[in-house]
Structure formats: structure tokens, C-alpha cells
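**Student:** Fit chain B to the known structure of chain A by using the hints.
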Amino acid sequence: MNVLLVEDDPLIAQGLLQALKQSAYTVVHAPYGERAEGLLLANDVDLIILDLGLPDMDGLELLRRLRARQSRVPVLVLTARDGVEQQVAALDQGADDYMEKPFDLRELEARVRALLRRSHDLSTDEVSLGALQLSPFQRTATLNGERLELPAREYEILEILSLNAGRVVTKARLAQRLSREGDEVGDNAVEVYVHRLRRRLQDSGLAIRTQRGAGYVLEEAG
Amino acid sequence: MNTSLGLRSLLLLLVGGPLFVLLVIEMLITFGIGLHVTNQVFDRWLLDSAYSLAQEVRRENDKLVLYADEAAIEVFEWDELDEVYYRVSTLDGQVLGGRSEAWVNPDIAALKKGPVFTNVRMGGEWVRSVTVLANPDSPRDSALVSVAETLHKRIPLSRTLMFEVVLSKATMIVVALLVVAFALSRGIRPLLRLSQELASRSPRDLTPISALPAPKEVRTVIDNTNRLLERLDGAFSAREQFIGNISHQLKTPLAGIKLQAQLALREKNLDTAHQALERICQTTDAMTHLNNQLLKLARAEAASGRGLRNEPVALDNVVREAAESLRELARSRKVKVHQNINGETLDTFKVPGDYYLLRELVWNLMENGILYVPEGGNVWVELTRTANKIRLAVKDDGQGIPREHWPQIFERFFRSKITGEGCGLGLAIVREIAYAHGATVELQQAPDTSGACFVCTFPTMENQS
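Chains as they are written, first to last, in the working numbering: chain A, 329 to 550; chain B, 13 to 477.
The following block holds chain A by itself, in its conformation from the complex (with noise of 0.2 angstroms):
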């Protein structure tokens, strides 16, 4: 899963960024507004965690343009101010949680996977299709009761792919999911991530069709 945290105290920052990697999340920080803006743009990301009082603008106004984009990725803010008016104001600009300052570590983990089952429409942490299992909270897959041991770049095509079991991806998308700023990944390399991971999942009553011209589906065989 992959969290952009968007907080211009170092303090907390530094914090969040240390739980939520423990937590097996691919964290991106912004410390202030126009980089998490150029952030959206390059990353195909998760979940949102916004502070509202951003040094260069305020938090809502990223919120608003995010919204204004049909962005429909969970934003959970995360304030010193506090006050019902101020709750009322960010949820109606469109964020889906609210946390005010100081919070309790454990308390904002368990919201970030509430927000995270609610937006991947999953109704426990776990991902199963036909012999698979997947866990996106642990970064873990089993197949047939077996773990399956997946470098990092396959294992996030695996997951995007079974969160949207029967939807096509497209290709782009999972080359943007891939790509870290400096570290570019083109379409060519989603194609041999995609094969290798056929190959794992040979015999296992699982296929990735190929949708051609769109991208890829995950579905089972039959």
C-alpha cells in the first residue's frame, strides 16, 4: 500500500514515516504543499495523511484541488486546530477521517487501514481469490496455503492486481505504482514483472489475462 504524508513538522514526520514503514507501507513525505501536489502527480498512491497547516498553503486547498481532480484516494487529515467547524469544514471539502494533534499512534494506524479496507472495498485485512491469499497490511501473500516469496516489484503488481481481482489495470498505472522519483519504470519492465509472476502462479487456478490495449486482469482460470 502505498501512503503520501503530507507534514511539515520534522518531528512528526519522522515518526509517522518510521511507523507506518514498520508497518510494511511505501511511504512518500511531502513537507509542504507544492511538493506533495508534484508527488500525486508522479505516484499512484493509497491513502493520503494531510496536515492542514502547511507552510505555503493550507491543507484544504490541496484537498479541494485533489477533489477538483475526481481523486477519490482516502485523505485522512491530521490538525492542530481544533474545533467542530474545523472538522465539519475538512470533511465537507472532502476528507474521510480526522485526527486532531496530539493522536494515538495506534489509533491513526488502525483509521489508515479502516480508510485503506473501505476504499479497496475489502471487508477483513485479507485479499483471497480462489487459492491465493493476500495480506496488504502485512506485505504478505500465501498460495495454497504456501508463502510465496515475492521481490517488492512483484509483489505490489500482485497486490494492485487482486485488489482489483476482475478489473483490468492498465498498464500505466502499474508502471507509475512501480516508479520512484529518479528510479522511472517503463512498460517494458511491467511486462516482465507480469511473466514472472504467471509463472508463480502456474497451476494455481489463477491467470493474469492480458487485455490487449488496456492492460491487465486478474481472474481465475476456467
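The reader is advised that the hints may include incorrect statements.
With a straight-line cut-off of 25 angstroms between C-alpha atoms, the simulated BS3-like cross-links for lysine-lysine are [unchecked claim]:
no. : chain 1 : residue 1 : chain 2 : residue 2
1   : B       : Lys75     : A       : Lys349
2   : B       : Lys280    : A       : Lys349
3   : B       : Lys280    : B       : Lys270
Quick list of the computed label-pair ranges, beta carbon to beta carbon [stated by the list, open to error]:
no. : chain 1 : residue 1 : chain 2 : residue 2 : range
4   : B       : Glu252    : A       : Arg393    : 27 to 35 angstroms
5   : A       : Glu413    : B       : Asp217    : 17 to 25 angstroms
6   : B       : Arg213    : A       : Ala442    : 43 to 51 angstroms
7   : A       : Glu413    : B       : Leu204    : 21 to 29 angstroms
8   : B       : Ser259    : A       : Ser456    : 46 to 54 angstroms
Chain A side only, calculated, beta carbon under 10 angstroms to chain B, not exhaustive [stated by the list, open to error]:
no. : residue
9   : Gln342
10  : Pro430
11  : Thr468
12  : Glu477
13  : Ala480
FYI, nobody ran anything at the bench for these hints, they're computed from the structure.
Cβ coordinates follow ideal geometry from the N, Cα and C atoms, glycine included.
**Tutor:** For chain B alone, coordinates are given in the frame of chain A:
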């Protein structure tokens, strides 16, 4: 309520007291005049009797005699209530008629000028007596004529007079005091209403007092009170906003501390936990700094609110001391601090004020310059004096402050730079201290550098308002 009762009693005392004394004096005067007039009437009658007797004194056969028959004397002596006495005698004491013993010892010289009235005791009671001289023009034929009368008619009459005067005047006094009391109650009713309105207010209610029908003077009190309430309301809102700001400013470091503490608690690796604890310590230092700055701001604010110690402070010394204490910081940032003090005498840069607050002001401006100028930059501190102003300028050759931040630069918690250690209170403290000293502080465009230039203008010792 005590004060309003007090006001009523006070006014009643101030108006009713003199009025009461005046009416009592008037009563005494009226009584005195009445008594005098009645006495004069009775005295006139007594005198007439004496004169009529004196006319009967004649010389006959070379002897002075009183020519009065028994019947005339009887008529003369008869009185329903009073005893009437008379005595006619020659100047050398020979009795010509009436009582043999004399009740007065008349002074002939006084008698020659006119009748002499006296009150004497006779037969155990007071009598009114008059003595006249018969035939005053002929010393040989002169005789003393004394007539006396008891006071049986006079005393009841004066009593009646006194009773009537006292009764009427007392009625007047009571009525007058009642009228005064009534008028006073009516007069201070708007004040009582105002007092009730103020007394029934909650301490948080700072809305203006409603427009009560009130006389001009009370209206003025209400208007002035409303103006005060308005100012208080403004001050309270500013304070509440400030406290809100403080709370907001504290939340972020508190959140950081809690987060790092939770991370340290779940950490198995001691080194990693140690790093988190290190960060917590640094943050508590920053919070301590914020707390100190808040205290300084509160002190500066209290000083401008309540007035400050007005001792002469030599700003040139303050600048030198600040430069000395900032030397290490400047050295570590390779910043050169230039002092430009053009003082002619010891007193040139003396301003009235509080030494510790002024040191804080100068120190803050200089520290800002040293911290925000790039490494290897310059900071200049200048002191100049004109006829009635002392100008302190602190400028640097850094990048300066973006123009759009100028209007807010002295606001509390405003920070122009995204990075930096500051908590955004330094310049707010500077401004508050400047205000307390009747000085102004502003950000100016220095003519010779691109950096920030803060200028503080102080009144001189002679020009303090």
C-alpha cells in the same frame, strides 16, 4: 445597593442638613421678632402709665406733690391678671406716692435721655419696670416715676407665640425635607437602574448597556462605561485568540513527543529507541523556549498595560552588551556584527524605560539578524540621535523578508521562513516592548543593502510623554 443608599443619604444630608438649620434659624428669628413686638406693645402701655403719672407731679407751696385722687389710682392699678406697682419720689428719695420701697436704683443721667426699662424680682416673681423723669426740663421740679407690672399677660402670650411659630415652622421643615427626599429619589433613580443593570451582569457579559432613559450626566456615565466595555471586549477577544494560538502552537510539539514516545515504547532495538528519546528531549527544549518567549511577551504586555519602570537606560550600553553575548553565535555562523554608535556624550542615547525589557528588544533584533543572514554575512547595529528622537536600526545583507510578509511580520506566531528554530514570537515581543516604551518599530527597506532593516524610534529623556 449600599452605594446607592449612601448616595441618597449623602444628598439628603447635603441638601436637607443646611435646609433644616436654615429653617430652625428662621424659626428662632420669627419667634424673636414676635416676642420683641409683643414686648414693645406691653412696654408702651407701661410707659404711658408712667408718663400719665409723671404729669401729675407738680410743685405746690414750694413742695413737689403727686396730684392723683384715689379713684384715678384705683383705675390705674386695676388689672385683671397682673399686679401693677408704682412709686413716685423726688430725686433725693422722698416718696410722693405709691410703694414706699424702691425696686430700682435709677441712674439720673440715663433717665435724662429717656425712659429706663428693667426686669427685676419683686415679691418672689419677675416684674417689668419702667422709670421716667417727671418734669425733666426743670431740675428743681423733677421727680422719679417708676411703674412695674407682673408678667402674667406676657408669658402666656409669648408661649402661644412660640407654640404657633414652632408648629408652623416644624411643619415646613418636615414638608421641605420630604420634598427634598422625594426629589432626590426621583433624581437618582436612573443611577439606581444603572447600578442594578451593572450588578446583575455576568462577568463575561461585555455587551453595551442598553439605552435607558436617563439625564445627560448619567448618559455620559453610560456612554463612557460602554466605551470601556467595548475596549475590554476587544482585549478579551484578543487574549482568547492568543490563548487559542498558544494551545495550537503547543499541540504540534506535543503530538511529536507522544508519537516518538509511542515509537520508543514499541521498539525492541535500544539504539532506535534511544534516537526517539533524543528527539523528545530536543522537542522539550524547543517547547521550553516557546514557554520562555510567551512569558517575555506576557511581561512586555503587562508593562505596556500598567506602565513600566522609567529609569534612564543607555541604549549604547545595551547594544554593546547584546553584541557581547551574541558573539559566540555570530562566530559560529561566521557573521560579522558591526556597531555604529555615534555618541557624543554619556547621555546621548539614554531613553526612559526598563533596562531588562530594552535588552530583550535589542537582543531579539540582533539575534534575528545573525540567525537569518546567510553564513558569512553582515549585521549592522546603528544608533543615531536627532533633536527629540533616538533611532536604533538593525540591518543585514541577507535576502531580506518577502514584501508580502511585511504586514504580518510583527504578528504573533507568524514565521516568514519555512525552516528555522524560531517560534514566531521574537518580533511580537520586540513590538510589545517598543509600545511599552512609547517607541515605534518598523521594517524598512535599507538604502544600501537588500537585507532586512528593523528600525526602532524612541523618545528621548526630555521628550517622554
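**Student:** Out of the numbered hints, which ones does the structure contradict?
**Tutor:** Hints 1, 7, 11, 12 and 13 contradicted; others consistent.
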